[in-house]
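A.B. asks: Here the protein sequences come in this chain order: A, B, C and D.
For the first sequence, position 65 (counting from the first letter as 1) is numbered 65 according to this note's numbering, and the numbering increases by one without interruption.
For the second sequence, position 73 (counting from the first letter as 1) is numbered 73 according to this note's numbering, and the numbering increases by one without interruption.
For the third sequence, position 72 (counting from the first letter as 1) is numbered 72 according to this note's numbering, and the numbering increases by one without interruption.
For the fourth sequence, position 6 (counting from the first letter as 1) is numbered 6 according to this note's numbering, and the numbering increases by one without interruption.
Derived from the structure by calculation, the hints contain no laboratory data.
Don't take each hint at face value.
Restricting the straight-line Cα-Cα distance to at most 16 Å, the calculated cross-link-like pairs of lysine to aspartate or glutamate (EDC-like) are [what the hints assert, rightly or not]:
#: 1; chain 1: B; residue 1: K75; chain 2: A; residue 2: D23
#: 2; chain 1: C; residue 1: K75; chain 2: D; residue 2: D106
#: 3; chain 1: A; residue 1: K75; chain 2: B; residue 2: D138
#: 4; chain 1: D; residue 1: K76; chain 2: C; residue 2: D23
#: 5; chain 1: D; residue 1: K75; chain 2: C; residue 2: D23
#: 6; chain 1: C; residue 1: K76; chain 2: D; residue 2: D23
#: 7; chain 1: C; residue 1: K79; chain 2: C; residue 2: D23
Number of protein chains: 4
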Amino acid sequence: MTDHGLIPSELQELSRRAAAAKDVSYSPYSNFRVGCALLCEDGSWVIGANIENASYPVTICAERTALVKAVTEGKKRFKAIGVSTDISPPASPCGMCRQFIREFADNSVPIFMYGRKEGECIVKTLGELLPMSFGPEDLHPDRGARK
Amino acid sequence: MTDHGLIPSELQELSRRAAAAKDVSYSPYSNFRVGCALLCEDGSWVIGANIENASYPVTICAERTALVKAVTEGKKRFKAIGVSTDISPPASPCGMCRQFIREFADNSVPIFMYGRKEGECIVKTLGELLPMSFGPEDLHPDRGARK
Amino acid sequence: MTDHGLIPSELQELSRRAAAAKDVSYSPYSNFRVGCALLCEDGSWVIGANIENASYPVTICAERTALVKAVTEGKKRFKAIGVSTDISPPASPCGMCRQFIREFADNSVPIFMYGRKEGECIVKTLGELLPMSFGPEDLHPDRGARK
Amino acid sequence: MTDHGLIPSELQELSRRAAAAKDVSYSPYSNFRVGCALLCEDGSWVIGANIENASYPVTICAERTALVKAVTEGKKRFKAIGVSTDISPPASPCGMCRQFIREFADNSVPIFMYGRKEGECIVKTLGELLPMSFGPEDLHPDRGARK
Ligand SMILES: [Zn+2]
Ligand SMILES: [Zn+2]
Ligand SMILES: [Zn+2]
Ligand SMILES: [Zn+2]
């Protein structure tokens, strides 16, 4: 099944919150709004949106915005990540965000991508989007097993 | 005066909240904890801490964490920014963070830097820390006056 | 076959140059040296190494160093990318680098990862390392077909 | 004097090379070309330009492109940095680049900023553009004196 263990109300909320988060995007340079919603392991929700900068490399994407909010609120484990954009088919997280997510998620965490059209959704796990990833175990091989 | 318009209770809170924010830092690679507190124009508070990544360039500093939280909560104007570290004299925001702050702050916004020692504090305005900055007006000279 | 169209002398050079590039790494913070070699479509070679910064997020990885060198020398098409580290099994490019490579490479471009041990090598294509990637076509759906 | 120790032919070359470097810019998203030229301590020259990415935060600015090229060629000390843009007055390096430069330059290194108009130039030292900077000594206070 493609629900990755989420119940119907959670699936609905993930989609709704990710889409709504686009409203707080600050993207005057790309005009490309992205919203993100996190369903934390404790059942709580955190949202984020992309915050751009006149110096493009200083921009922070929606996924990373949501994650730093969650982590600084003590939430480091997630049941699902939702990402919403205004295009079709839906956009996927950029490589930088996949790397950021990697630090706090197992390969099995599902990433739901929502597009412009009603009901449009693609789901992939982190492991599918960032196979053979670089992680903490690579930097310090002595500290833990590699994924 | 060096209080930049903050009243004593605000000065005290800024220091206390920036220091406390260090507790939510995720910095297993540098072991360098940074906490940040924002006093928003509406009188509310937002905090942040540095969130590192096994891929160092994917790290997000405390100041940027606090700012994306604030901006996605609809707060884009700030009375003061506090940054706390465990060294003495206090560390200043890195250039990337100064650039990020620049997008949402006037040159007059004060940045309070707190160090390891009790009561240790240095204050500089954004304009002092990032003189002759690159900003939105440079990218689109037709859209507004340059600072 | 796993040679991805490279002839034996090219395979040998890719490995040798990627490993040698580690010698120009500037990595006083992680002590994790990474070397990268690019075999450009015109048969020329470009190398890079990771250049770190006291502010970790300002660091530039070996792969991106090699690529900006190549691109500013007019080389935007590549036959192969080699990445060398001092660990075993070999490390893979971080997500941020996979994203950077994506801008200048087709999904079929092979990325050879070399590790600490003699002859140790893993090969994956960009498409395998960054499936369903975010790219130029997502930002401007009107400008071209999506990969 | 404002020449910062450069002789007339060096000043002329710095301006010419920074402007010419704009031609190798890859900036399809901002359409904001930036060129950079470095006069290395050994008298050699290195140029760079901004290389953008569909994921804006993955972009690398002209100054950082030039610096990683230089550093991986063994050049870590600089007599002058030139930055050229197509606007007037000239743009300055973003905060992220000031931070990157900081790792390899003393506060006294001059940064020449060239604009759209013939002969237009503003010069500031790194110390003027990034006062009270965060650097290696902050991360490891035991390793050296702070600037
Ligand atoms: Zn992203
Ligand atoms: Zn910073
Ligand atoms: Zn990387
Ligand atoms: Zn820059």
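A.B. asks: Would you mind marking each hint as holding or not holding in the structure?
C.D. replies: For each hint, the structure was consulted:
The straight-line distance between the Cα atoms of K75/B and D23/A is roughly 14 Å, inside the 16 Å bound, and the hint therefore holds. Between K75/C and D106/D, the direct Cα distance comes to roughly 33 Å. Violation of the 16 Å bound is thereby established for this hinted pair. Taken as a hint, the K75/A and D138/B pair is broken in the structure, with Cα atoms around 38 Å apart against an allowance of 16 Å. Taken as a hint, the K76/D and D23/C pair is honoured in the structure, with Cα atoms around 14 Å apart against an allowance of 16 Å.
A threshold of 16 Å between alpha carbons decides the hint, and for K75/D with D23/C the separation of about 14 Å falls inside it, so the pair holds. Between K76/C and D23/D, the direct Cα distance comes to roughly 14 Å. Compliance with the 16 Å bound is thereby established for this hinted pair. Our distance criterion of 16 Å between C-alpha atoms is broken by K79/C and D23/C, whose separation comes to about 24 Å.
Taken one by one, the earlier hints fail for this structure at numbers 2, 3, 7, listed in ascending order.
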